[in-house]
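Given these sequences and hints, build the entire structure.
Line by line, the protein sequences give chains A and B. Anchor point for the first sequence: position 84 equals 84 in the numbering used here, and the numbering is continuous, going up by one each time. Take any residue in the second sequence, count from 1 to its spot, add 1000: that is its number in the numbering used here.
These aren't lab readings, by the way, just hints derived from the structure by calculation. One or more of the hints may lead you astray.
To be verified - Here are the simulated lysine-lysine pairs, DSSO-like style, with alpha carbons at most 27 Å apart: (1) B/Lys1083 - B/Lys1057; (2) B/Lys1070 - B/Lys1057; (3) B/Lys1009 - B/Lys1070; (4) B/Lys1014 - A/Lys99; (5) A/Lys69 - A/Lys99; (6) A/Lys3 - A/Lys69; (7) B/Lys1071 - B/Lys1014; (8) B/Lys1083 - A/Lys99; (9) B/Lys1057 - B/Lys1009; (10) A/Lys3 - A/Lys99; (11) B/Lys1009 - B/Lys1071; (12) A/Lys52 - A/Lys3; (13) A/Lys99 - B/Lys1057; (14) A/Lys52 - A/Lys69; (15) A/Lys99 - B/Lys1009; (16) B/Lys1071 - A/Lys99; (17) B/Lys1083 - B/Lys1009; (18) B/Lys1057 - A/Lys3.
Unchecked claim - Which stretches of chain A does chain B cover? Using the computed rule of at least three CB atoms under 8 Å from a CB of chain B, they are: (19) 15 to 28; (20) 99 to 109.
All C-beta atoms, glycine included, are put in the ideal place defined by N, C-alpha and C.
Read off the chains here:
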Amino acid sequence: DAKTTQPPSMDCAEGRAANLPCNHSTISGNEYVYWYRQIHSQGPQYIIHGLKNNETNEMASLIITEDRKSSTLILPHATLRDTAVYYCIVRAGTGTASKLTFGTGTRLQVTL
Amino acid sequence: DGGITQSPKYLFRKEGQNVTLSCEQNLNHDAMYWYRQDPGQGLRLIYYSQIVNDFQKGDIAEGYSVSREKKESFPLTVTSAQKNPTAFYLCASSSRTSGTYNEQFFGPGTRLTVL
Chain A
1 DAKTTQPPSM
11 DCAEGRAANL
21 PCNHSTISGN
31 EYVYWYRQIH
41 SQGPQYIIHG
51 LKNNETNEMA
61 SLIITEDRKS
71 STLILPHATL
81 RDTAVYYCIV
91 RAGTGTASKL
101 TFGTGTRLQV
111 TL
Chain B
1001 DGGITQSPKY
1011 LFRKEGQNVT
1021 LSCEQNLNHD
1031 AMYWYRQDPG
1041 QGLRLIYYSQ
1051 IVNDFQKGDI
1061 AEGYSVSREK
1071 KESFPLTVTS
1081 AQKNPTAFYL
1091 CASSSRTSGT
1101 YNEQFFGPGT
1111 RLTVL
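In structure tokens, the structure reads:
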């Protein structure tokens, strides 16, 4: 699976959009971009994933650049409950169950 | 409510004792996983299972054992052979669609402390 690079921390004011970047310049054609978040002392929570098209669900939007070398997770109206560590993971769509490789992620702090 | 349950949330054991962590899912997912997380670190895969009565070692299987007798259950035993068992243990599961394993969903975790 390709490596990802994320900033270690970011701040966002409550009610504003939080834009979390991820670089995955070595991604290959069959690899998906997944986003998870982990609130302190809880299990990781799946947010969204995509292959090459932009995706949106009730939690967030995922914007993937045309060359697929980077992506941005957007939380449109951040709240204090969105404070967490956000992980960007690249993983091939596969017929074999395999691990998710979590890096160190981005610690998002949402403030009043 | 559909989901993954892990019990107990906190577990304390004396050194040298085996301990079994429970993981149950009612999502009808095919695959189940066990990860370990140490403070400030990412998750590391211990074992995973794609179908009943079959499982594979992950990156750090030494000192652990699992079973998969039922689709919905995947208990993890931390044996006395595991040198540093104190950690946060996370169970996950994923469905399979058209031969591809989908996103993994995680349980709330069990924090094991060995005294």
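So, going through the hints one by one against the coordinates:
no.: 1; hint: B/Lys1083 - B/Lys1057; in the structure: holds, 17 Å
no.: 2; hint: B/Lys1070 - B/Lys1057; in the structure: holds, 18 Å
no.: 3; hint: B/Lys1009 - B/Lys1070; in the structure: holds, 22 Å
no.: 4; hint: B/Lys1014 - A/Lys99; in the structure: violated, 30 Å
no.: 5; hint: A/Lys69 - A/Lys99; in the structure: holds, 22 Å
no.: 6; hint: A/Lys3 - A/Lys69; in the structure: holds, 11 Å
no.: 7; hint: B/Lys1071 - B/Lys1014; in the structure: violated, 31 Å
no.: 8; hint: B/Lys1083 - A/Lys99; in the structure: holds, 23 Å
no.: 9; hint: B/Lys1057 - B/Lys1009; in the structure: holds, 24 Å
no.: 10; hint: A/Lys3 - A/Lys99; in the structure: holds, 14 Å
no.: 11; hint: B/Lys1009 - B/Lys1071; in the structure: holds, 22 Å
no.: 12; hint: A/Lys52 - A/Lys3; in the structure: holds, 17 Å
no.: 13; hint: A/Lys99 - B/Lys1057; in the structure: holds, 11 Å
no.: 14; hint: A/Lys52 - A/Lys69; in the structure: holds, 10 Å
no.: 15; hint: A/Lys99 - B/Lys1009; in the structure: holds, 23 Å
no.: 16; hint: B/Lys1071 - A/Lys99; in the structure: holds, 19 Å
no.: 17; hint: B/Lys1083 - B/Lys1009; in the structure: holds, 22 Å
no.: 18; hint: B/Lys1057 - A/Lys3; in the structure: holds, 22 Å
no.: 19; hint: 15 to 28; in the structure: violated (count 0)
no.: 20; hint: 99 to 109; in the structure: holds (count 7)
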